[in-house]
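Asker: Using the sequences and the hints, build the whole thing.
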Amino acid sequence: MSSLVQSVDWLAIAPPTLAAVVGLVVLVADLFIGEEKKAVLGWVSVAGLAASALLLLPLLDGDRATFCLTGDAHTCSYTADRFTLVIQFLVLGGALLAALLSVTALKDANKDLPEGEFWFLLLSSAAGAALLPASRDLATLIVALEVASLPAFALVGIKRGDKKSSEAALKFFLSSVTATAVSLMGVSFVYATTGTLYLTQIADKIQHVDGQFHTLAQAGVVLTLVGFAFKTAAVPFHFWVPDTYVGAPLPVAAYLSVVGKAVGFSGLILVTVVALPSYANVWGPALAALAALTMTVGNVGALRQQATRAYSAVRLLAWSSVGQAGYLLVPIASAAYSKDAGKAVGSTVAYALMYAVVNLGAFAVAALVARTSPLNRISDYRGLYAKSPLSALMLGFFLLCLAGLPPGIIGLFAKVTVFSAAVDAGLGWLAVVMAVNVVIALFYYLQWTTLLFRAPEGEPEKHRVPAPLTAAIALTAVLGIALSGAPQLVLRFSATGLF
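Just remember that the working numbering sits 162 ahead of the position in the sequence shown, which is counted from 1.
Among the clues, some could well be false.
To be verified - Dumping the calculated EDC-like pairs for lysine to aspartate or glutamate here, alpha-carbon to alpha-carbon at most 20 Å:
#: 1; residue 1: K505; residue 2: E308
#: 2; residue 1: K333; residue 2: D270
#: 3; residue 1: K199; residue 2: E308
#: 4; residue 1: K321; residue 2: D243
#: 5; residue 1: K269; residue 2: E279
#: 6; residue 1: K269; residue 2: E197
#: 7; residue 1: K269; residue 2: E308
#: 8; residue 1: K505; residue 2: D586
#: 9; residue 1: K200; residue 2: E279
#: 10; residue 1: K325; residue 2: D405
#: 11; residue 1: K333; residue 2: D366
#: 12; residue 1: K501; residue 2: D586
No lab work stands behind these hints, which were simulated from the structure alone.
Keep in mind it's a predicted model, so treat the numbers as computed, not measured.
Answerer: Put into structure tokens, the structure is as follows:
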């Protein structure tokens, strides 16, 4: 008689597990550490995230899987393949940079932010986000999605006595819970028609659904995608983004802009390309329409930001992130029409890596400016070059990368990769929409960039840059410059391994 007990590959699950364990250690340690030593918790969290990322290295030698069915070693709940490792690297690296920004933010907050709870929530969310790309059944996917999301609600509303923060958290929570409920209904429809939750089994069984259940299966496919579309901030599930980014502490906004998107896109890729390739005629047109809508609404929203309005810099980055989500959706939609779906999905992963590096860099400089200009208006960046030349040069480089202009070669390379994915799939109309949106985005990115080098109003004050902020800006700058020198490395690194 075969054993019903599943074996566990501890090395395969080590990265998300370590992040979760360090989170629990920090929460317990917070009870015994005096107020004057709370800063230690931050550095323990940074070290924990760095160690979690390093644990990805031993997994590079080949695919691993665990929590497999006892009668079928090829049907597993957790798989550490190339796709998983790239997304986990993006998630843990993004969380590490957000943690570096948070060290300074918590110190500046002067005990207005509870440190122990903050680090526990950040590490818990990072653990859930790292679990999601490895998930290969719908139950684990939804659980990972919620483990990544629930701590994020609390992080957004963690500012004590701040009405803006509380309102942002409530909007984020209510809209996210609604999207999750719709997704769960979709999952139940898919399970009802296939009798399984494993992605590879769904891919096989959903092709042979009885005619009377065909409509139910189609409804399940569409509803399942809603929760992941919300996480990617795709239109019309984007309305929470600007207020949430403004109300949250700036490092949390940076974290959501990168890690939240990585969670949403990896979930979308797994559900569509792995579990439901036979329903490409349903999700392909839906994602193509979502991509066109999302990039257009996001870029027009960013274009409308007034330079003198309070928090306009953060709002512009928020709307810009919605526009960037539209570009990220293009290759996933293209996978429905492409003969090589793996190559199309690789374009999304490559673009996500570029976006993560430069967007976190832009948020790092925004966090620096916010220390002397708390309202963080775009007009506050006027003459930044006179106050902090390196910071201004780095922000200009990050904005040019996001715009896809030299010297930000990596941004141009990523956009061309996404554009070619649409053209190769025969989605010429979507490529045209993307080209128009790239031109719209050029205007507001260049407008902000030129402001950095204009003469400052009044006597410029030199910015003092704390060490953690310096480290975050330097890391993102070095990565961005290195990838601009060898952009082909991104595409080679982001080969998905899903096929």
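Asker: Next, verify each hint and record whether it holds.
Answerer: Here is what the structure says about each hint:
no. : hint          : result
1   : K505 <-> E308 : violated (29 Å)
2   : K333 <-> D270 : violated (26 Å)
3   : K199 <-> E308 : violated (32 Å)
4   : K321 <-> D243 : violated (38 Å)
5   : K269 <-> E279 : holds (15 Å)
6   : K269 <-> E197 : holds (12 Å)
7   : K269 <-> E308 : violated (29 Å)
8   : K505 <-> D586 : holds (11 Å)
9   : K200 <-> E279 : holds (11 Å)
10  : K325 <-> D405 : holds (12 Å)
11  : K333 <-> D366 : violated (39 Å)
12  : K501 <-> D586 : holds (9 Å)
Comparing the model with each numbered hint stated earlier shows that hints 1, 2, 3, 4, 7 and 11 do not hold.
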